[in-house]
Amino acid sequence: MENLETLRAEVVAAVAAAPDLAALEETRVSALGKKGRITALMKSLGGMDPEARKVAGQAMNRLKDAVAQAIEARRAALEAAELNARLVREHIDVTLPARPQGGGSIHPISQTWDEVVAIFGQMGFAVAEGPDIEDDFHNFTALNFPPGHPAREMHDTFFLPEREDGSRHVLRTHTSPVQVRTMLGQAPPIRVLAPGRTYRSDSDMTHTPMFHQFEGLVIDRTTHMGHLKGCLQEFVQAYFEVDNVPMRFRPSFFPFTEPSAEVDIGCSRKGGELRIGAGDDWLEILGCGMVHPNVLRACGLDPEEVQGFAFGVGLERIAMLKYGIPDLRTFFDSDLRWLRHYGFAALDVPTLHGGLAR
Amino acid sequence: MKFTLSWLREHLETDASLEVIAERLTMLGLEVEEIIDLRTVLAPFTVAEVVTADKHPDADRLKLCSVRTGDGGPDLKIVCGAPNARAGLKVVLARPGMTIPESGQVLKAGRIRGVESQGMMCSSRELGLGDDHSGIIELPAGAPLGASVADVLPLDPMIDIAITPNRADCLGVRGVARDLAAAGIGGLKPLTIEPVPGTFDSPVRVTHGLDDATRDACPLFVGRYIRGVTNGDSPRWVRDRLTAIGLRPISALVDMTNLISHQFGRPLHVFDADKLTGDIHPRLARPGESLVALDEKAYALETGDVVIADDAGPQALGGVMGGLDTGCSGATVNVFLESALFDSRRVAATGRRLSLDSDARYRFERGVDPESAVSGAEIATRLILEWCGGEASHLMVVGQVPAWRTEVSLDPMRVRRLCGVSVTGPECRRILTDLGCDVIGENEDGALTVLPPSWRADITGEHDLVEEVARVRGYDAIPTVSLPREPMPKPVLTETQTRRVTARRTLAARGLNECVTWSFLPRAHAEAFGGGRPALDLANPISSDLDAMRPSILPNLAMAAQRNADRGVPNAALFEVGPQFDGGEPGEQTMVAAGLRAGSSGPRHWDTAPRLVDVFDAKADALAALAAAGAPVASLQTVAGAPAWYHPGRSGSLKLGPKVLAWFGEVHPGVLKTLDVKGPMVAFEVFLEVVPAAKPKLTKARPLLNASAFQPVERDFAFLVDDGVAAEAMVRAARGADKGLIADVAVFDVYQGERLEQGRKSVALCVTLQPRDRTLTDEEIEAAGAKVVAAVAKATGAELRG
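Protein chains in written order, with the working numbering: chain A, 16 to 373; chain B, 118 to 919.
Derived from the structure by calculation, the hints contain no laboratory data. Glycine included, every Cβ here is placed at the ideal spot set by N, Cα and C. One or more hints might be untrue.
Unchecked claim - One-sided and incomplete, this derived list gives chain A residues near chain B with beta-carbon spacing under 8 angstroms:
| no. | residue |
| --- | --- |
| 1 | LEU19 |
| 2 | PHE140 |
| 3 | ALA141 |
| 4 | VAL142 |
| 5 | GLU149 |
| 6 | MET169 |
| 7 | HIS239 |
| 8 | GLY245 |
| 9 | PHE268 |
| 10 | ALA276 |
| 11 | LEU298 |
| 12 | HIS307 |
| 13 | LEU354 |
| 14 | HIS356 |
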């Protein structure tokens, strides 16, 4: 019988010396395989007497365990080394750019509109819509524009060709016709917001032939000018995300409201940078007023019974003010550099609880 | 409307500062647009005295002055070129560091012809006080040394206010003063107009050339002949005033009309009576007549124009401008004064047609006080006699003052109801009286009966009086009140509106950039996209390439993509959600989400090569937009072909039954050529309003998830079919082969080429079988496969590829 200790030392040395997993397997087979040296030793146990077999058996099992343990340890070490080598081989330059993915964007007009709806929705305003091509009644007559008013001239307003009855439709010059359609279509109480494209025959540094407005209309039995002030004050502070914006309601004139007002908000222009809120300067942002009794009558409502207010705001104007966009005309250029710079991420959905703008 | 502070104070007794007045004007609805107050600008300039003025050693025209400043410091050495610089003269001193108003430049100490100059003595022009640059300003000898010249010179701040169209009464200084007085800024000074008695009958007579039907064109004409005048310069204070508001003083007679126009809002005209032929007739112009107006331009007249004619023809455009031939000059001796009333609509129409702006037109368009014709003539006569001498004829009045009196009632409670602010009955009465109204009655409920003044034609109803009271009381007094609202807001958007928002954000998430483009485009583009109907042409386009309403959004997007490519930004992926126009009547428009991809799928990349955009990019965009808009995408049918602006072989329609929900495809190469843009471009148009509304549901609960515990099995089938067979038909057939078992069918390969016979293609489908209650046996899988093969063969004639 071989000296077990010598055998153990030999096998363990061979295991330790195995340069790779294949050599290790050879060593394992030569020691523990069917014809292995340790296996052969184990077979010799059968010829021993029980007492001797017990002693030798224990010793051999210890030997077998020790060798198996050495093999496992070596295998783990070799596997780790092999993995490390593979990882080194697999190194790549991670500074290379990732695969490109198109960066889409939402136009500032849409984003601003979503913001406006979030604010007025909270005050219970529904959204009403109307056609871009309007007739004279909805765009002018019902809104108390007198015959011969300059807005009714080709100079200011886009006209479509003369129709069979001699009349001409117009591209709506404001979103106010939606007021009329709303009042003709539903009974008070009314709270609606009417957004849309509007058109005026004007094109220069600060005017484009098409632009966007939104109109607000509240009609019931009790809404007065104080509510108009409150409603707009809350809107301005929520929209510009500034607390305590100073506001000034100045008497003004529009055919479809009386009393009428233009609204200025406080701002500062220090260092050429416009900031809403603080400061000693004023900035005009919208026109508004109590709906004119003639408009109510034209819509089949009795001014002795119901009353309310209306306001109109330029969407691009408030977008320019909030987001520092300098030039109105660029809104309609579809310049990708502009769209990517001033546009908004698809999932940047304005909410009041999460903040309107990042 | 421009005026000066001293001019205002001539009508308004007040101690209020310019700032207080300006603030009040704006809050009365007379918005201050600009104030030019030289008192501020000139405050740093001081009174100094020339002590000595010696000749400059090296320049004949220059003087070397020693100037005492009055600040106790040493006298300054100043080189000066003014001929009137002399010892003992009190002058306006500018020191280095100060800004000279005329040039806007900061004054620097310097050397002039080798001699140091420590300041500058200023001329009127240099200070912005007028045109005089003949010498330096000579201040009164008593001007205190060292004082600010703002306190020494008679400086009159200029105020420019915006007048809304309803406030014709404020197109004269007196109207502005009246508003301010009503608002508590001092008191309106009384104005008495003493008629000038005439001494003779006018040799020029006035006869109406208007019949009863057209009498309203000039209902009242007041004329007066003044003989023996001398038309020199108007008085200094008049010229200063006119200059301050940007008018050029011309002569006493003309300056008088301008002064009265801006003081009382009453336009007048003066004819040189010796240049008139016969008598004066207000009448309508006759065909073919023309007039050379005072602006020296010839105007062709039309029958709607009101003219003041003499026996030779039109000599003035009524309410717009006088004629050149009969205007007054320095040689004028006899004057015919006109103070008339003209129909505002005719004046507006004439002025607009002829593009002829004037102060008279501006006032008549908005409405001149009908009672001012006689008083205006009397005030004018007095000024002419005072400035030019002469003798006045009897006043001639032809026609009559149109009726203007209307009673309006005001219930003070109405102010509270409409404006939310209480104003007492007596306060309403006080405000309205100050504005010139007569309060002629009050009923037991406190309602006032009010007669508005002749100059307030804009006041016709109770709401007008409410506005007057609220305006004068001040909008600041109106409380700020929150709109009452529900404690928990409800959703406000309709399904259609929400869809639009979702479609828009989905497309942006897919990498498309949202645009907003014009609703109009060139007619040729409209025609290429199914439009171009005359009913959708604009009668007055802003330019010839924006002359038709768009029948589709795509041409605008294609042009935008090309503009971007031209700027070096290729591969545009653009979309717009907006209207397209189908007809010229209100409502004949459709809400469309349209998009377009041009060029490549992306930039060049070290790993993934870009490919050209193709029809399946557009199809994916269209399907995504439809899904976002709530369309049942799984039930949609793709049908080959789309309208003419798409490639006929590379386009399709997405349909739900007979309804077309979207088109997609390559843009037709011929259309690209028409637009002059480079392809390839692929596009889609999704008709958001055609997507059926969601069925109303009682709850938001989803159906229970029925996920199988058993592994799904995939089997691949390669079919040979004719070229013309639609893959979608094969997929549908395969899916229908065993609806209970087949969960999905996908096309994973399409082959056409040399290894197949001409006109045939190979389409490979991957069919997913999903067992529900147990694992499938080989025989069951086999049987399902056989059903798929049979169904596809039956539907499309496909054979399983060997």
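Against the structure, the hints come out as follows:
For the restraint placing LEU19(A) at the interface with chain B, the shortest Cβ-Cβ distance is roughly 52 angstroms, beyond the 8 angstroms limit, so the hint is violated. Restraint check, PHE140(A) versus chain B: the minimum CB separation of about 6 angstroms is within 8 angstroms; hint holds. Of the supplied interface hints, the one on ALA141(A) holds, with its beta-carbon coming within about 5 angstroms of a beta-carbon of chain B, less than 8 angstroms. Hint on VAL142(A) holds. Least Cβ distance to chain B is approximately 6 angstroms, under the 8 angstroms limit.
Interface hint at GLU149(A): satisfied, since its Cβ lies 6 angstroms from the closest Cβ of chain B, which is below the 8 angstroms cut-off. Given the 8 angstroms rule on beta carbons, the hint for MET169(A) holds: about 5 angstroms separates it from the nearest Cβ of chain B. For HIS239(A), the interface hint holds, since its Cβ comes within 8 angstroms of a Cβ in chain B; the closest pair sits about 4 angstroms apart. Interface restraint check: GLY245(A) against chain B, minimum CB-CB distance 4 angstroms, threshold 8 angstroms, status holds.
Restraint check, PHE268(A) versus chain B: the minimum CB separation of about 3 angstroms is within 8 angstroms; hint holds. Against a cut-off of 8 angstroms between C-beta atoms, the interface hint on ALA276(A) holds, since the closest Cβ of chain B lies about 6 angstroms away. Interface hint status for LEU298(A): violated, as the beta-carbon distance to the closest one in chain B is roughly 13 angstroms, over 8 angstroms. At its closest, the beta carbon of HIS307(A) sits 7 angstroms from a beta carbon of chain B; the interface hint therefore holds under the 8 angstroms criterion.
The criterion of a C-beta within 8 angstroms of any C-beta in chain B is met by LEU354(A), whose closest approach is roughly 4 angstroms, and the hint holds. This hint is violated: HIS356(A) has a C-beta 11 angstroms from the nearest C-beta of chain B, more than the 8 angstroms allowed.
Hint check: violations occur at hints 1, 11, 14; the rest are consistent with the structure.
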